[in-house]
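Trainee: Full structure from sequences and hints, please.
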Amino acid sequence: MTVPDLIALGYLAAAVLFILGLKSLGRPRTAARGNLLGATGMFVAVVVTLLDRAIVDFRFLAAGVAVGALVGALLAMKVQMTGMPELVALFNGFGGAASVLVAGATFLEVVDLGNVDDQLAVAAALTALIGAVTFTGSLVAFGKLRESLRWSSFAGLHVVRAAAFVASLVLATVVVVQPASTGWFWALVAVGLLLGVLATIAIGGADMPVVIALLNAFSGVAASTTGFVLDNSLLIIAGSLVGASGLILTQIMCNAMNRSILDVVFSKAAVVQSGSHDDAYADGVTSTSAEEVAMLLEVASRVVVVPGYGMAVAQAQHAVRELMTTLEGMGTEVVFGIHPVAGRMPGHMNVLLAEAEVDYEHLLEMDRVNPTFAQTDVTIVIGANDVVNPSARDESDSPIAGMPILDVDESGTVVVIKRSLSPGFAGIPNPLFVADNTLLLFADGKQAVLDIVGALLEG
Amino acid sequence: MTVPDLIALGYLAAAVLFILGLKSLGRPRTAARGNLLGATGMFVAVVVTLLDRAIVDFRFLAAGVAVGALVGALLAMKVQMTGMPELVALFNGFGGAASVLVAGATFLEVVDLGNVDDQLAVAAALTALIGAVTFTGSLVAFGKLRESLRWSSFAGLHVVRAAAFVASLVLATVVVVQPASTGWFWALVAVGLLLGVLATIAIGGADMPVVIALLNAFSGVAASTTGFVLDNSLLIIAGSLVGASGLILTQIMCNAMNRSILDVVFSKAAVVQSGSHDDAYADGVTSTSAEEVAMLLEVASRVVVVPGYGMAVAQAQHAVRELMTTLEGMGTEVVFGIHPVAGRMPGHMNVLLAEAEVDYEHLLEMDRVNPTFAQTDVTIVIGANDVVNPSARDESDSPIAGMPILDVDESGTVVVIKRSLSPGFAGIPNPLFVADNTLLLFADGKQAVLDIVGALLEG
Amino acid sequence: MRIAVVRERAAHERRVALSPEATANLVADGHEVVVESGAGDSANMPDTAYADAGATVVADRAAAIGEGGVFACVNGPDTPELLAGLGPGHIVVGVFDPLWRPAPVADLAATGAKVLSLDLVPRSTRAQAVDVLSSMATVVGFQAVLVAGARMPRLMPLLITAAGTVPPARVVVLGAGVAGLQAVATAKRLGAVVEGFDIREEALEQIRSLGANSIDLPEADADDAEDPAARTQRLLTPHLAEADVVITAAQVVGRRSPTLVTDAMVEAMRPGSLLLDLAAERGGNCALSRADEEVLHNGVTILAPTDLASGSPLSASRMFANNVVNLVRMLCTDGDIHLDLEDDIVAAMLVATGGAVVHPGVSEALDAAEGGSDS
Amino acid sequence: MRIAVVRERAAHERRVALSPEATANLVADGHEVVVESGAGDSANMPDTAYADAGATVVADRAAAIGEGGVFACVNGPDTPELLAGLGPGHIVVGVFDPLWRPAPVADLAATGAKVLSLDLVPRSTRAQAVDVLSSMATVVGFQAVLVAGARMPRLMPLLITAAGTVPPARVVVLGAGVAGLQAVATAKRLGAVVEGFDIREEALEQIRSLGANSIDLPEADADDAEDPAARTQRLLTPHLAEADVVITAAQVVGRRSPTLVTDAMVEAMRPGSLLLDLAAERGGNCALSRADEEVLHNGVTILAPTDLASGSPLSASRMFANNVVNLVRMLCTDGDIHLDLEDDIVAAMLVATGGAVVHPGVSEALDAAEGGSDS
Amino acid sequence: MTLLVALTLFALAVFLGLELITKVPATLHTPLMSGSNAISGITLIGALVSAGSDHSTLTTVLATVAVALATINVVGGFLVTNRMLAMFQTRRKRDQ
Amino acid sequence: MTLLVALTLFALAVFLGLELITKVPATLHTPLMSGSNAISGITLIGALVSAGSDHSTLTTVLATVAVALATINVVGGFLVTNRMLAMFQTRRKRDQ
Ligand SMILES: NC(=O)c1ccc[n+]([C@@H]2O[C@H](COP(=O)([O-])OP(=O)(O)OC[C@H]3O[C@@H](n4cnc5c(N)ncnc54)[C@H](OP(=O)(O)O)[C@@H]3O)[C@@H](O)[C@H]2O)c1
Ligand SMILES: NC(=O)c1ccc[n+]([C@@H]2O[C@H](COP(=O)([O-])OP(=O)(O)OC[C@H]3O[C@@H](n4cnc5c(N)ncnc54)[C@H](OP(=O)(O)O)[C@@H]3O)[C@@H](O)[C@H]2O)c1
Ligand SMILES: NC(=O)c1ccc[n+]([C@@H]2O[C@H](COP(=O)([O-])OP(=O)(O)OC[C@H]3O[C@@H](n4cnc5c(N)ncnc54)[C@H](O)[C@@H]3O)[C@@H](O)[C@H]2O)c1
Ligand SMILES: NC(=O)c1ccc[n+]([C@@H]2O[C@H](COP(=O)([O-])OP(=O)(O)OC[C@H]3O[C@@H](n4cnc5c(N)ncnc54)[C@H](O)[C@@H]3O)[C@@H](O)[C@H]2O)c1
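Chains P, U, Y, C, R and A supply the protein sequences, listed in that same order. In terms of this note's numbering, the first sequence opens at residue 188 and continues consecutively. In terms of this note's numbering, the second sequence opens at residue 188 and continues consecutively. In terms of this note's numbering, the third sequence opens at residue 445 and continues consecutively. In terms of this note's numbering, the fourth sequence opens at residue 445 and continues consecutively. In terms of this note's numbering, the fifth sequence opens at residue 4 and continues consecutively. In terms of this note's numbering, the sixth sequence opens at residue 4 and continues consecutively.
Honestly, I wouldn't trust all of these hints.
To be verified - A short, non-exhaustive set of chain C residues, derived as facing chain U with CB atoms under 10 Å:
1) I604
2) R633
3) M774
Unchecked claim - In silico SDA-like links for lysine to any residue, alpha-carbon gap of 25 Å or less:
4) U:K265 <-> U:V303
5) R:K26 <-> P:N442
6) P:K265 <-> A:N85
7) R:K26 <-> U:M517
8) R:K26 <-> U:P215
9) R:K26 <-> U:T512
For the record, the hints were derived by calculation from the structure and aren't laboratory data. Just so you know, these numbers come straight off a predicted model, no measurement behind them. We put the CB at the ideal spot given by N, CA and C, even for glycine.
Mentor: Dropping the structure here:
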């Protein structure tokens with residue numbers, strides 16, 4: 188077999204490994220294997236590439252790889268769990284930058300040799316633009332997530348952004364028409380870098396994961412166009428795989444946040460429900476999504492559901508029972524903690540849960556459930572407020588001081604489902620909402636529970 | 188643009204159309220469009236092919252197309268609805284035969300020219316074998332489905348089949364090693380034809396759809412290998428698309444029948460569920476799956492649920508209510524048809540549905556629901572039997588003759604959920620189960636409904 | 445056809461055999477309906493409603509009964525005065541319980557009237573439209589739980605409140621026929637923890653089909669010498685001992701109701717608990733129950749009401765009336781009634797015709813009764 | 445602390461202020477409980493149970509009351525005989541309704557005992573553990589529906605049967621406090637179609653939170669001259685006209701219950717329907733209702749029972765007793781009772797101490813009553 | 004086109020084919036089979052080139068027969084699929 | 004490789020990419036993003052060839068930087084993905 192054949196075969200193998208890797212990454216059971224498959228594919232690709240006859244000097248190449256591997260490994264191993272998303276953004280930016288540089292280097296070389304064709308010019312221009320946008324866009328995302336970057340929108344941003352966009356298109360055309368003047372190429376890169384900043388600067392931190400996903404798709408496309416520059420099938424295939432699947436992932440993430448990609452990109456502010464309500468909680472509230480709750484529940488072995496008046500208002504009892512059966516089907520232990528004054532009449536919760544055919548065995552009174560919270564992974568408080576208010580226990584001057592409450596705050600994580608931060612019957616703020624282990628799911632009780640069940644069934 | 192470029196572009200377009208077409212064919216809403224996309228792709232492919240410089244004489248070609256189109260169209264338009272599956276088998280066989288002939292013709296030509304390479308020889312041998320098996324296998328399937336073919340297994344079939352298989356492998360090797368002696372090629376074709384017959388001869392009529400699906404995948408593979416013979420990208424792509432998707436379809440069909448591909452191919456007898464129960468229904472029962480019911484429901488605009496004692500036994504009332512809310516969420520009208528004697532005590536269904544919080548407005552008595560069945564797309568009968576037994580209406584000597592029943596059989600499709608074919612309280616067979624528009628979903632009522640809801644939420 | 449209905453004379457009876465709605469249906473079918481004035485008063489169905497529905501309201505019983513036609517009643521006429529006026533022209537439809545109390549039917553037969561006893565309808569799917577035992581048992585089962593709920597010293601449902609947790613009442617239902625099942629369902633609705641028992645396997649499944657628990661007795665050993673009834677009683681005792689309310693509704697067609705609850709079993713029950721015997725008309729399921737009386741035994745209150753269907757006279761009468769209309773429709777061809785003895789439903793319910801009892805079961809019962817009185 | 449409980453003397457009263465379970469709790473807390481023999485009999489709580497729980501059972505009332513300590517009762521002592529034996533050493537805990545009936549409390553105050561009226565507990569979250577109005581209203585609301593179900597001529601739930609379709613009963617509940625809400629919930633459980641009404645907006649939401657329908661009156665025009673009460677009555681009438689059962693449970697603390705249902709409204713109701721007035725103790729919500737009597741007006745039966753809580757004496761007594769235990773625990777520090785007037789709950793319920801009425805509201809009511817009797 | 008490029012196309016198409024079809028309702032099994040069978044008649048374009056080229060008589064005959072067979076497969080396949088789906092469609096139309 | 008073959012590969016890969024990812028649980032969003040991001044570092048192999056070829060100094064410098072950046076992307080990407088997934092794995096282990 189000839190060396191080019193060997194390389195081509197290696198590339199084919201790598202492509203297959205990438206395909207399998209990507210597919211596996213999308214499933215919990217196989218995700219780790221998927222990552223390994225991808226890495227193996229990359230290894231195969233790199234090794235066969237080194238056989239390439241065009242490579243005559245391994246010094247720079249080795250130096251680059253060594254530095255890159257070291258930096259990459261260090262960053263990856265030392266990052267805190269919470270810092271991972273921003274690290275992904277950073278890596279992604281580097282990938283985009285690398286594409287720009289490779290395409291640029293090749294472009295310069297070919298221009299030097301004087302045999303630029305249209306294909307190459309178009310591909311190089313696209314790579315320059317997309318890669319550059321990916322690079323600076325990712326850096327901005329990184330900065331915003333680290334909260335070290337405090338830039339935000341400014342008046343006229345729309346205009347400047349549109350201008351930069353038009354300029355980039357014009358420059359790209361010029362590069363294709365006049366490939367020989369390589370200055371245009373670098374000008375295009377410069378505008379691309381600017382555009383990357385302008386496109387991301389106004390986007391809020393909450394939307395950043397979506398932006399990173401989108402930029403990830405971009406870096407895939409940049410790799411793919413680089414493939415056209417280099418006439419390299421593997422770059423084309425791997426790049427477009429990532430580009431296309433990245434787009435789908437972006438879409439999935441947008442759906443999960445109930446937003447459209449356009450909303451995110453044009454930074455239409457999300458309707459932040461919490462802001463409008465109570466200042467008593469300042470910024471301390473951590474809000475969550477049904478998907479995240481589902482994820483927590485997936486790994487929980489004991490779950491306590493604490494219903495309150497809000498469950499009744501939302502008429503969520505049937506949905507709650509569904510949640511119970513779904514969780515039990517997954518082998519999770521589920522009980523209900525019923526506070527004596529939950530609801531608005533004695534036995535309010537009993538009436539509703541009986542209607543929903545929740546067995547009496549599942550209902551634990553306060554005295555029986557309280558000792559178990561410490562062994563509970565997740566407590567879901569649905570529409571209860573006063574009855575889980577720790578100020579009754581902890582603050583002697585509280586209007587409800589001394590009332591026994593459900594000690595939900597002792598459980599691993601507390602998810603509170605309610606529509607807003609407004610108080611319950613007693614009209615007092617609830618310190619539970621700002622506790623470290625509390626997540627708030629702002630939604631109508633019934634819809635929220637149905638969403639959680641849906642996410643559980645999908646997961 | 189050069190002619191080869193144009194052709195290549197046309198092929199690319201055709202490939203994309205095939206991809207989109209196949210994808211669309213898998214969904215009820217888009218299936219018709221999918222077929223059109225496929226046909227358009229084929230049209231594009233044929234038209235650009237005619238630009239090929241190698242084509243110098245259009246006479247035979249035109250003659251072949253004319254004859255083929257005429258025959259194909261006639262067969263397709265005149266066939267009875269019930270005859271369609273066997274026609275598909277026939278067509279499929281022709282496709283396999285065409286691949287063999289094309290590969291053979293090219294092989295002969297190239298051998299004549301003396302420049303056979305390994306790639307071509309391997310591809311040609313594979314095409315000969317797979318195409319030939321497809322051809323005769325499909326013909327056997329056609330014959331068995333028409334019931335004009337009464338062959339079946341014979342003693343020693345296994346041995347003969349294995350021998351033919353080994354022979355084919357040997358011959359294929361010979362073809363590759365000694366391509367110049369074209370006789371081996373035709374010998375291989377001949378053994379392939381024999382193997383096709385041997386492989387299908389023992390398979391029962393009930394399994395034939397699966398066999399056809401498998402042979403369909405084969406004909407795709409044959410087209411693909413023909414593509415390797417001809418060095419034609421479109422044949423490779425389209426052929427392997429069909430080959431791979433055909434394999435998946437075969438798998439899906441096997442799953443739906445609760446059998447494995449191997450069971451089918453080696454004609455292990457299926458455990459016929461109906462057989463064990465009531466011979467009253469002979470083969471007439473069409474069984475279905477939760478997924479299929481979900482698909483039906485997705486496109487229904489009005490659904491009637493008819494509960495019976497089985498719903499009570501399965502305690503499926505909450506699941507049924509979930510189905511109702513899910514469907515209503517999709518904009519489907521859902522009502523319940525309550526027969527006066529459904530269940531085992533007066534008001535049995537009322538008690539359960541009230542517990543599940545199905546509004547009284549959703550419950551229609553017999554007199555009110557009966558006139559609406561004709562406008563109902565899907566009726567789901569869950570655990571009811573006697574109260575939907577048309578013999579009460581149609582057969583004057585039935586033990587329940589004259590009892591008013593729910594005329595569910597007037598609705599578009601009737602889905603009956605029950606665990607078996609065993610009769611209801613009155614102990615008599617129910618002709619509804621063998622009606623043309625009835626599908627039986629054999630399962631516990633609660634699980635079945637939950638599965639349907641799951642499939643709806645996923646779909 | 446002329447169809448007559450009168451005011452029921454039995455004590456505590458508040459039902460009536462035809463409702464205004466049923467009257468309207470019969471009139472629409474072309475029948476003539478005659479109603480004794482005040483017939484529906486106790487069921488909250490005033491004369492005016494009947495008149496509006498197309499009935500002729502007449503002042504007295506005799507005028508209502510007339511010379512012939514269908515005479516629909518809830519309880520059969522059993523005194524000479526009530527039998528007066530009936531003759532061969534009449535078809536008398538009602539609940540006569542002739543297998544258990546054959547004598548009154550014999551008197552009725554003697555008038556020459558054709559007698560159709562609604563309680564003899566076969567328990568088949570087709571016959572259900574005319575099955576008054578089912579419809580009345582539905583009312584009885586429901587009322588039984590309401591009465592039990594109102595009479596017992598505890599609440600039914602589990603309530604977790606600031607004043608402590610009220611545990612759910614435990615209700616045991618013995619005999620899961622129509623009435624028993626309805627009682628199971630109603631007690632479950634009210635939040636009680638319900639257990640049910642029956643000797644029939646299917647009935648146990650039916651109890652579970654209402655979401656309640658069935659009491660499944662362990663299989664008896666083949667070499668077990670214990671009397672099956674005694675064994676059942678022994679095995680049921682612990683369930684009764686836990687119960688707040690026991691409702692018994694076990695019957696056997698035409699025979700004395702089986703004794704399910706012995707004195708000892710009552711004594712095993714908790715003071716303050718309640719036993720409601722719905723089978724009192726034919727002797728009761730509890731050895732201690734006295735029809736329509738309240739017995740207090742060892743702190744356990746034992747009620748045996750026979751008039752629970754009259755507790756919802758309006759609904760009960762309407763259902764009864766619908767059964768009667770369905771029967772008339774089943775018997776009528778061309779506006780006239782023909783008793784087609786080929787039809788298993790008609791054959792089963794025809795007790796007497798031409799002045800004689802023709803129903804084999806009833807004849808036997810009569811013979812047995814005479815034999816009994818002889819000895 | 446010594447805690448005494450006696451047999452209630454009021455007519456129809458079947459409750460008792462302490463249960464054996466509560467007794468056990470108090471004894472465990474270190475208190476001494478003295479019970480008059482037979483105190484719990486009517487609630488199915490025998491003397492033996494008290495004795496087992498650690499109480500001293502004494503033969504007569506005087507011995508039970510003793511020289512001092514807490515004296516827990518359901519109904520306040522209101523005759524000279526019943527007041528005998530009480531003195532400054534006593535803390536009397538019970539339901540005295542002093543805002544509405546101040547005179548008996550004044551007599552009680554005169555004995556020098558400290559008087560805590562449980563019905564004056566504020567309706568706050570913290571106070572709910574001692575709130576007997578809530579716990580008793582729970583029993584009342586539940587019993588009301590059972591009584592209505594047993595008394596009305598129809599069945600409650602929708603039943604589609606071979607004997608025709610029984611439509612669901614329509615139940616209208618006016619006044620959705622604790623009792624009204626419990627009635628709403630119970631009627632819904634039994635399958636009725638339930639509508640509820642209250643003047644408080646939150647109460648309407650609470651009705652819906654039970655899955656029932658709230659009757660939402662349209663906003664009145666600003667220039668509407670109609671009297672609001674009359675307007676409400678007018679707008680409610682069509683709902684009552686449709687109803688099979690109307691349950692009224694509207695109260696205003698310490699005042700005469702508002703009249704929600706006028707004669708005309710009753711007359712708009714269907715004959716055979718039932719009205720149950722749960723507010724009869726303070727005059728009733730229906731102009732026609734007479735406490736503890738049955739009135740038949742235009743075919744509508746009007747009941748106004750004041751003893752519904754005694755309908756489930758066991759559960760009611762247990763809940764009452766738990767409230768009392770919670771109160772004792774709230775008041776006790778180091779085993780002794782201190783009335784901390786800083787505590788809003790104690791302040792709100794303390795009616796009299798040192799021989800004088802100290803509760804401003806009650807004093808006012810007394811003055812008004814005297815003024816009334818003067819004029 | 005080199006063999007390896009051809010193999011790459013093959014591999015990609017196979018993976019794509021495996022992914023395209025996931026859950027198919029039973030009603031669509033036959034139409035899908037039939038439609039994809041028509042697509043596998045793509046061998047027609049190979050036959051066309053063979054039949055139209057200036058080859059030996061034998062190959063021309065073989066190729067012409069192949070054209071006819073493949074055309075039957077293609078034309079008949081798409082038409083019959085169309086008929087099946089039309090049935091399905093009318094059922095759905097009726098209810099709208 | 005002709006442009007059209009390249010485009011064909013591109014088209015097939017895009018379709019495949021679109022099909023590969025269908026429903027992904029929220030827990031896997033970030034790992035999937037990170038893993039596919041590492042794959043997009045495939046540009047590394049282009050950089051390797053560029054950096055190792057006998058080109059002008061400028062291109063060699065550019066290419067060497069590209070190698071370094073791409074390697075960070077690839078190595079860091081796979082490693083960080085691995086760490087994320089390891090967390091996930093332990094959590095799931097715990098309850099089994
Ligand atoms: N049990 C009784 O007998 C009785 C009687 C009267 C009063 N109370 C009092 O009521 C209180 C009961 O405590 P609790 O914890 O049950 O209720 P709570 O303290 O009143 O809190 C209820 C919570 O439910 C939320 N909510 C309302 N509608 C909702 C919906 N559709 N979806 C999701 N959440 C919804 C509300 O928040 P958002 O508005 O932000 O959604 C509210 O914070 C106690 O203070 C008790 O004293 C009890
Ligand atoms: N309403 C009354 O008052 C009353 C009283 C007594 C008798 N009946 C009689 O009962 C009959 C009622 O008719 P119906 O249509 O309701 O019931 P049915 O005719 O008795 O049929 C019930 C069906 O439910 C199926 N089933 C049982 N368990 C199931 C489960 N777990 N999941 C799914 N299916 C299950 C059974 O088939 P599989 O075993 O194959 O699953 C059976 O065919 C009538 O004949 C009526 O006359 C009525
Ligand atoms: N075909 C129909 O549509 C239809 C209509 C009504 C009833 N039925 C059937 O007829 C059956 C009888 O109904 P019913 O309500 O008139 O019954 P019933 O009143 O005659 O008897 C009530 C129940 O008592 C049970 N019983 C008898 N002896 C017993 C014992 N020793 N211990 C325990 N239980 C004992 C019986 O099994 C029966 O379930 C019903 O359960 C039902 O299945 C059928
Ligand atoms: N904090 C607590 O935990 C707690 C405990 C018990 C009750 N409560 C609150 O106190 C409220 C009163 O409870 P209650 O049961 O003692 O009330 P209540 O018996 O005093 O009155 C019953 C109802 O009648 C209503 N009403 C009064 N006048 C009316 C009119 N003209 N028309 C219609 N309705 C009228 C009132 O709004 C009230 O809802 C409850 O609704 C509840 O919110 C709170």
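Trainee: Taking the hints in turn, state whether each one holds.
Mentor: Hints, verified against the model:
1. I604: This hint holds: I604 of chain C lies near chain U, its Cβ roughly 5 Å from the closest one there, short of 10 Å.
2. R633: holds, 9 Å
3. M774: violated, 39 Å
4. U:K265 <-> U:V303: The hint is violated at about 44 Å.
5. R:K26 <-> P:N442: holds, 22 Å
6. P:K265 <-> A:N85: holds, 13 Å
7. R:K26 <-> U:M517: holds, 20 Å
8. R:K26 <-> U:P215: holds, 11 Å
9. R:K26 <-> U:T512: Roughly 24 Å between the alpha carbons, so the hint for K26 of chain R and T512 of chain U holds.
Checked against the numbered hints given earlier, this structure breaks hints 3 and 4; the rest are met.
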